[in-house]
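2 protein chains.
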Amino acid sequence: MSSGPAIILVRPQLSENIGTAARAMLNNGLTDLRLVAPKPDWLSDRAIAAASGADRVVLGAKIFDTTAEAVADLNRVWATTARNRFMVKPVDTPRTAAAAMLDLTAQGVKFGVLFGPERTGLENDDIVQADTVVTVPLNPDYSSLNLAQCVLLIAYEWYQAQGPELPERHMTKGAADIATKEKLEGFFQHLERELDECGFLRIADKRPVMVRNIRNLFQRAHLTGQEVQTLHGIVHELVTYRHRKGQGTT
Amino acid sequence: MSSGPAIILVRPQLSENIGTAARAMLNNGLTDLRLVAPKPDWLSDRAIAAASGADRVVLGAKIFDTTAEAVADLNRVWATTARNRFMVKPVDTPRTAAAAMLDLTAQGVKFGVLFGPERTGLENDDIVQADTVVTVPLNPDYSSLNLAQCVLLIAYEWYQAQGPELPERHMTKGAADIATKEKLEGFFQHLERELDECGFLRIADKRPVMVRNIRNLFQRAHLTGQEVQTLHGIVHELVTYRHRKGQGTT
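Here the protein sequences line up with chains A and B, keeping their order. Here full-length UniProt numbering is used: position 69 in the first sequence is 69, and no number is missing along the way. Here full-length UniProt numbering is used: position 62 in the second sequence is 62, and no number is missing along the way.
Take these hints with a grain of salt, some might be off.
Given that identical chains are not distinguished, each listed pair holds provided it fits within a single copy or across any two copies.
[To be verified] In silico DSSO-like cross-links for lysine-lysine, where the CA-CA straight-line distance does not exceed 30 Å: (1) Lys183 with Lys206; (2) Lys62 with Lys206; (3) Lys39 with Lys62; (4) Lys181 with Lys39; (5) Lys110 with Lys181; (6) Lys181 with Lys206.
In case anyone wonders, no lab produced these hints; they're calculated from the structure.
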């Protein structure tokens, strides 16, 4: 897998946000963390605690005095910002940025994303270092993202862009366990035999649609072989108990 | 805009995570926050501070004693989990789940997502309340997400899905017909009462897992209200015929 984008935190104010950002990075396979002019005491216990196992990303962080130095080795830079900075730049969403990053990776290009201080965001002098602005589409009435959550969304889209995602709607248990239609048919016949006997299907002109509806709901459940056995057991027990009780009362 | 999914935090342990989750919700236009058995002191200053302007989502949270009560009015429920719970369920990614939610919204269906406690995650008895599992594709070597960050990714994909692209999945039947979890619970109790009486569940130490597995297979079927009535009728007829026959033979 590609090393992905460098995550560049410009003048971060809260050291626990550095730890939480590192965690969000490692969740998505990213490890290149860069800090521009962090506070002298940034490497605190709170930062390590917030990293929650992603310590190596925090401890491996590279420190720079200026944004220009932090991006010096990169070919392509995005700047995260929610506000219009009166600067003419193309704007990506995290998803379109991730697609572009994937293209750059194939070309062996190095790239990174700038994130501003918690309260103020990136300044124009930082943003001018970037080729492109990336803005997360969010509720226009409440769009302020926590720094680490902004890092998470950029890193997440990068990881998803590499795919493959989990197969859509795959089962949490081997789908090979799913019953054959023959086993299902066997249960349907067992159930319908008993429903005929007990009179549930006694109205002849309604029987076909009732049978179809009953079969349909079980078809939809993707039953496993074991579950079909369980359903056989349920019907069998309800019925044999009925017979046992019948005999018991004679 | 649609109200989107209810966000249901099951037994949350840290009140600041409730606040951070509320912030992530409002960032993405969500406001229906539900808490199952939170700690008595959950509504703390830390929760409000972490909400950082999303106070109204925290203050509007609905409190429930059980997961079943929290989902009673919903037609469709997802459970977030990273682990295979040995339960056969379809699995969505946040993106495929969001596409399905958009589809349900168009049909006026109510839905929600369950999130487990920080350390332990959801228990099987919570997950069985859900139709579908949702798992975030992440770095397999480091996939543990902070609770609020998991909420953010689900809410973010929901918000992004409301773009122009068409929903990816369609139910062949109007999902508005899908039974509420309350109706489903009524059938489960009816069925289990009869299975207790007829002895199918007589082995005490196997009963909980058998009940869970039976409930799970019906949960997965996305039963309509009419189909739940049909199942009530099936059980009722099998049982009353048994009694009628019992009487008939005295």
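Right, here's what the structure says about each hint:
1. Lys183 with Lys206: Both ways: Lys183 and Lys206 sit 25 Å apart in one copy and 24 Å across, limit 30 Å.
2. Lys62 with Lys206: Neither, since 35 Å and 44 Å both go past 30 Å.
3. Lys39 with Lys62: within (14 Å within a copy, 40 Å between copies)
4. Lys181 with Lys39: within (25 Å within a copy, 48 Å between copies)
5. Lys110 with Lys181: within (11 Å within a copy, 32 Å between copies)
6. Lys181 with Lys206: both (24 Å within a copy, 28 Å between copies)
Checked against the numbered hints above, the structure breaks only hint 2 and satisfies the rest.
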